[in-house]
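Residue numbers (this note's numbering), protein chains in the order written: chain A, 1 to 88; chain B, 1001 to 1566.
Treat the hints with caution; some may be incorrect.
[Said to hold, decoys possible] Covered stretches of chain A (chain B as the covering partner; in silico rule of three or more C-beta atoms under 8 Å from a C-beta of chain B):
#, region
1, 21-28
2, 43-52
3, 60-73
[To be verified] What follows is a list of derived Cβ distance ranges for each label pair:
#, chain 1, residue 1, chain 2, residue 2, range
4, B, Leu1527, A, Ile36, 53 to 61 Å
5, B, Ile1566, A, Asp46, 43 to 51 Å
6, B, Val1145, A, Ile36, 41 to 49 Å
7, A, Ile36, B, Leu1542, 31 to 39 Å
8, B, Leu1527, A, Leu72, 22 to 30 Å
To be clear, the hints were calculated from the coordinates, so they are not data collected in a lab. Don't be surprised by glycine CBs; every beta carbon is placed ideally from N, CA and C.
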Amino acid sequence: MSSSDAPPIDREAQRRAANRFDIRRLIGGLLTLYGIVLIITGIVGDHHVKTKAAGINIDLWGGIGMLIVGLLMLFWAFSRPTEVPEHD
Amino acid sequence: MLRTGEQVIEEEGAVLKLDVSALDYAIVAAYFVVVLGIGFVARLTIKSDLDFFLSGRSLPAWVTGLAFVAANLGALEILGQAANGAQYGIASVHYYWIGAVPAMVFLGIVMMPFYYGAKVRSVPEYLRLRFNEATHFFNSMTFAVATVLISGVNLYALALILHLMLGWSTSISILAAAAIVLVYITLGGLTSAIYNEVLQFFIIIAGLLPLMLVALHSVGGVDGLKDKVKASRLGDGGLHAWQGLGIHHHTNPLGSDWIGVVFGLGFVLGFGYWTTNFAEVQRALSANNLSAARRTPLIGAYPKIFIPAVTIVPGLIALVTVKGLGGSSTDLQYNTAIPHLIANLLPEGMLGIAITGLIAAFMAGVAANVTAFNTVVTYDLVQAYVARDRSPQYYLRVGRLVTIAGILISVATAFIAKGYSNIMNYIQTLFSIFNAPLFAVFIIAMFWRRATAWGGFFALVAGTAAAYAVNRLAAYHTIFHFPVASVTSSFWQAIMAFVVCAVVLVVVSLVTTPKTNEQLQGLVWGLTNTDAEEHPDERDKLWWRSPYLLGGGAIVLIVILNIIFI
């Protein structure tokens, strides 16, 4: 009923796996991707895209917002990587 | 023929149809790739049943905290609360500031040491330790039933949205969404569900926050919105949270008085949902130590305080900008408030983000309930009564099979929700039948050692029966004259269930034998397990990680907001 009977795994490999699967990297990566796509759409889009949102170019501004949050998440994930806890 | 039909609808009110481009579909598709990817990677981390059902008790507090609030950010919040905003106005903030935040703070500060400290794996398991197997079995069964019903509501809401916005058929939408949830939960268990909830939280905010801002801009800012609401059907009452809640002369759009709001919604329904609903508590139980478990609902409380800005405010804006909202056609139900704003205001690109956010939210709502359902069925029904003492691999396999069964039942129950025009009221009705009596049992069980095993059992049965009886009597207008499935009826149903439950618990306890202090160790107030902290973290002593500070801050914030919106 507990995970204590699992075979011991190389701690370095465990740490790498935990970091690849870090939720901060997933959120950061997806928001960065969405941000870039929206900024491009906001720049190259037609008049309708740029003005539909009550005259605001929401793709451009929303994209910039998402890009900033995404990059901050990535910065956090890479500057303070996950440490594998001592227990287990 | 079709054209004539369209013209008729346009005369009555706005028609909902989105102009979705290939780019928008690509944005949705990118999200699904990540979601399924999480499922496949999470599968590699699962070696035992505890990994599958409680993520091996290894997650940090900010992850479980966001998952705690995101698990509830499904159909319930987004469409339902926007519908409430459009129908009842600012008074709908009571669902957040009275109905949720105080209960979340109470869970983190007072109740979590009992749950996490007693090392229970589910809420029903606490009842087995505190009372007896009969109480445990009854609660496990009612929870399993209620949970698949609510999971069905989320599936139905998702299908409705896909049908209205994208023109997909309702059945295809239900099956497609169910299939994706099935894959990622069956593979990755709770870790998968929680990761997706946290990811979903960011995407839904990325979609709804810009929507709210441009919608507010389109009506002339905050002042423009106030003027337009005053001129609308709601009038000035739509802009205040606490006015017109007097007893016997309530004029508030909610149609309730302050007793119904504070005791019904706040105390019984709010505390019942947030502190005893395993779909929520499970997120905290997956945290990596007691400190993180206590901070889970407290961290979740902060986003919860501000979510009305992206649900109730858009609802109000839809009320004053969408012609005919609140009408009888499917396109004009209150639940379509946010989809209408999306259709009117978001261009391609942002449209894709908003659709992704809504789909993600609904899938998270389904996933939260399915992960709670599979845990309770596996641990509290199969392991407790059918197949004891098997290997961890056995229960892991059972868990995966139960997941599949739960999703199939959700699909079947998705259509029950169709009978109600306001999804929120349907959910409140369910909660007031199953959760209200449960909270009465918990609060007395934790603070009154004299409460006996059979007292707990009969109280739970009587409370659930009372809630159901009040619901039926109200529905047929025999004794109570509430509008059917209205807000008021849910509030009062909850209050009555609570009172019946408490009275039965006290009376039965006084005539039966109490448990000894040894049996109650770690389960009741005054007998907490002080050595329960297994994985202490030095950093948890930092002042900003104090549960009292986090909880106190949230309470101060809601007091200030209630005063501002009085």
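Status of each hint after checking the structure:
{"no.": "1", "hint": "21-28", "in the structure": "holds (count 4)"}
{"no.": "2", "hint": "43-52", "in the structure": "holds (count 5)"}
{"no.": "3", "hint": "60-73", "in the structure": "holds (count 6)"}
{"no.": "4", "hint": "Leu1527/B to Ile36/A: 53 to 61 Å", "in the structure": "holds (56 Å)"}
{"no.": "5", "hint": "Ile1566/B to Asp46/A: 43 to 51 Å", "in the structure": "holds (46 Å)"}
{"no.": "6", "hint": "Val1145/B to Ile36/A: 41 to 49 Å", "in the structure": "holds (46 Å)"}
{"no.": "7", "hint": "Ile36/A to Leu1542/B: 31 to 39 Å", "in the structure": "holds (36 Å)"}
{"no.": "8", "hint": "Leu1527/B to Leu72/A: 22 to 30 Å", "in the structure": "violated (45 Å)"}
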